[in-house]
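Visitor: Below, each chain spelled out in residue letters.
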Amino acid sequence: MKNNIKQFCFPSTAKEAAGLMARLGKAAVVVAGGTRHTRSISPAVETVIDISDLPLRHIKADADGLRIGALCTISDLEKSPLLAKWAGGVIAKTAGMGSNALARGMGTVGGNVVRPHPYNNLPAAFLALDAEAVFTDGRKEDKLPFAEMIAGADTLLFGHKYLLTELRVPAGTRSWRACAMRLSLTKSSWSSYAQVVAALDLRGGTVRKAAVAVSAVLPKAARIAAAERCLVGRPAGELASREAADAAAAALSSLTAGAESRAYGVRMAGVLVRRALMEAIGS
Amino acid sequence: MTKTRAKTVSKTKGRAGRGTLKAADGVIAITVNVNGRDLAMRVTPGEFLLDALRREGFKGVKKGCDNGDCGTCTILLDGKPALSCMLFAAQAHGRRVVTIEGLGTPDRPHPIQAAFVEAGAVQCGFCIPGMVLATKALLDEDPDPDEGAARRALDGNLCRCTGYVKQVEAVLLSAKKVKQAARKGGRP
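Residue numbers (the numbering used here), protein chains in the order written: chain A, 1 to 283; chain B, 1 to 188.
Chain A extracted, bound-state conformation:
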């Protein structure tokens, strides 16, 4: 029981929702799927803004790329025929990783990526595919790189001042070879030791662009530039993949300051980077 709550609002447009967020500030919280907020609402919150009626549950492709509405459930992504064909199906595969069918059927893309917990599965995929976040403050729509949304200076404003409405994935990534891997106690565990998404743009067997994103090991999902540098301009294969994996493990070890509690995850992330790269190359 949350005794502090006094009202529920069900906006029907993104503008209306963002207007409510702006007007009510920290006295309001936005909920959609209900899996993240309802059990941990701040005592300061008096209004729940339920955005589940907003028309933001679409997965479509146009000339600019892929457009995924923020209210798609994680299961929607997992079962989407369009996503199954995009970049080796890496978004769909990532969506199906972790947690259980009930949680994936309730949880939304927006909830998974706005202020993402390190174990949330989707941020690594959107990072690897150079996604953009589209959002509104109720007055205008704007967009910014997904990486900036989850790690930039304004990250805490999402869900309070800014309402995420859509994620866009560039059209050029459609033919990328990509693979997601995750190591957890069970397939249904929400938490994991390490999760990796590797994506490659290959031209004639040579890596033109590479993306290696890791989550669970760090406080936020992140691209590992040192690993990507080992791949770009080189023939796609075992040698480059091994070097990228070693570089990823070294970079993660440095980023976690060699913390013993993270050592296993760092080591496994290196293993997963190599395996994901090899599977992406072979796909």
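Hints listed in this document are in silico derivations from the structure and should not be mistaken for laboratory results. A quick note: this is a predicted structure, and the numbers were derived from the prediction, not measured. Glycine is no exception: its CB is placed at the ideal position from the N, C-alpha and C atoms. It is possible that part of the hints are untrue.
[Unchecked claim] Now the stretches of chain A that chain B is said to cover, found in silico as 3 or more residues with beta-carbon under 8 Å:
1. 7-19
2. 32-38
3. 49-55
4. 103-115
[As the list claims (entries may be wrong)] Result set (PhoX-like, lysine-lysine): computed pairs, CA atoms no more than 20 Å apart in a straight line:
5. A:LYS85 / A:LYS60
6. A:LYS6 / A:LYS26
7. A:LYS6 / B:LYS22
8. A:LYS187 / A:LYS79
9. A:LYS79 / B:LYS80
10. A:LYS60 / A:LYS143
11. B:LYS22 / A:LYS26
12. A:LYS143 / A:LYS161
13. A:LYS161 / A:LYS26
On the provided structure of chain A, position chain B as indicated by the hints.
Guide: For chain B alone, coordinates are given in the frame of chain A:
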């Protein structure tokens, strides 16, 4: 955020206008369609759907972990499985809820319930309402699931008595029974 391009916000309308629900004397009045009947409920604003349903007599909605981990409180919300312990009762305002009581009765069980009994999938039974509803949602979407799909559909419903083998068998048997009942012009 200054580098990016600005556009006017789309004014596309949402699917429903449920407006605002305000508490009066600490209570919110909501209407939820439960098992096919519109039910007017008075709930406290911070009350969870699980507790509200149980108070209204739907005791088949079980209270287990109360934290979204065990799946015993599973209901169908607008036809999709949902954890009622993770939703405020007010969030169900204007929506359709199906609980285990909405499927069948001891005298006239739903084919899925009959399959769970026939397969010997029930021991203490506490987790079964959630599993039956998860199975219903699966079969509504995929009438002919394989074992992998059955396992995935139940992976959010914990059972502390058995090893899930019988329940997975029950899901596959349910698919057969639901199809048989449909051929005979029955309820599913």
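Visitor: Taking the hints in turn, state whether each one holds.
Guide: Cross-check of the supplied hints:
1. For the stretch 7-19 of chain A, the stated coverage by chain B is satisfied: 10 residues place a CB nearer than 8 Å to a CB of that chain, which reaches the threshold of 3.
2. Coverage of the stretch 32-38 of chain A by chain B holds [criterion: at least 3 residues with CB-CB distance below 8 Å; count 3].
3. Requiring three or more residues with a Cβ within less than 8 Å of a Cβ of chain B, the coverage given for the stretch 49-55 of chain A holds, as 5 such residues are present.
4. Under the rule that three or more residues need a Cβ within less than 8 Å of chain B, the assignment of the stretch 103-115 of chain A holds, with 3 such residues.
5. A hinted pair counts as satisfied when its Cα atoms are at most 20 Å apart, and LYS85 (chain A) with LYS60 (chain A) qualifies at roughly 12 Å.
6. Under the criterion of a C-alpha separation no larger than 20 Å, the hint pairing LYS6 (chain A) with LYS26 (chain A) is consistent with the structure, at around 14 Å.
7. Simply put, LYS6 (chain A) and LYS22 (chain B) have alpha-carbon atoms about 6 Å apart, close enough for the 20 Å limit, and the pair holds.
8. Between LYS187 (chain A) and LYS79 (chain A) the alpha-carbon distance is near 17 Å, which keeps this suggested pair within the 20 Å criterion.
9. At roughly 14 Å between alpha-carbon atoms, LYS79 (chain A) and LYS80 (chain B) fall within 20 Å of each other, so this suggested pair holds.
10. Simply put, LYS60 (chain A) and LYS143 (chain A) have alpha-carbon atoms about 18 Å apart, close enough for the 20 Å limit, and the pair holds.
11. Distance hint between LYS22 (chain B) and LYS26 (chain A) is fulfilled; the C-alpha atoms sit about 18 Å from each other, no more than 20 Å.
12. Using a Cα cut-off of 20 Å, the hinted pair LYS143 (chain A) and LYS161 (chain A) holds, with the two alpha carbons roughly 14 Å apart.
13. Between the alpha carbons of LYS161 (chain A) and LYS26 (chain A) the distance comes to roughly 10 Å, so the proposed pair stays at or under 20 Å and holds.
Checked against the numbered hints given earlier, the structure satisfies every one of them.
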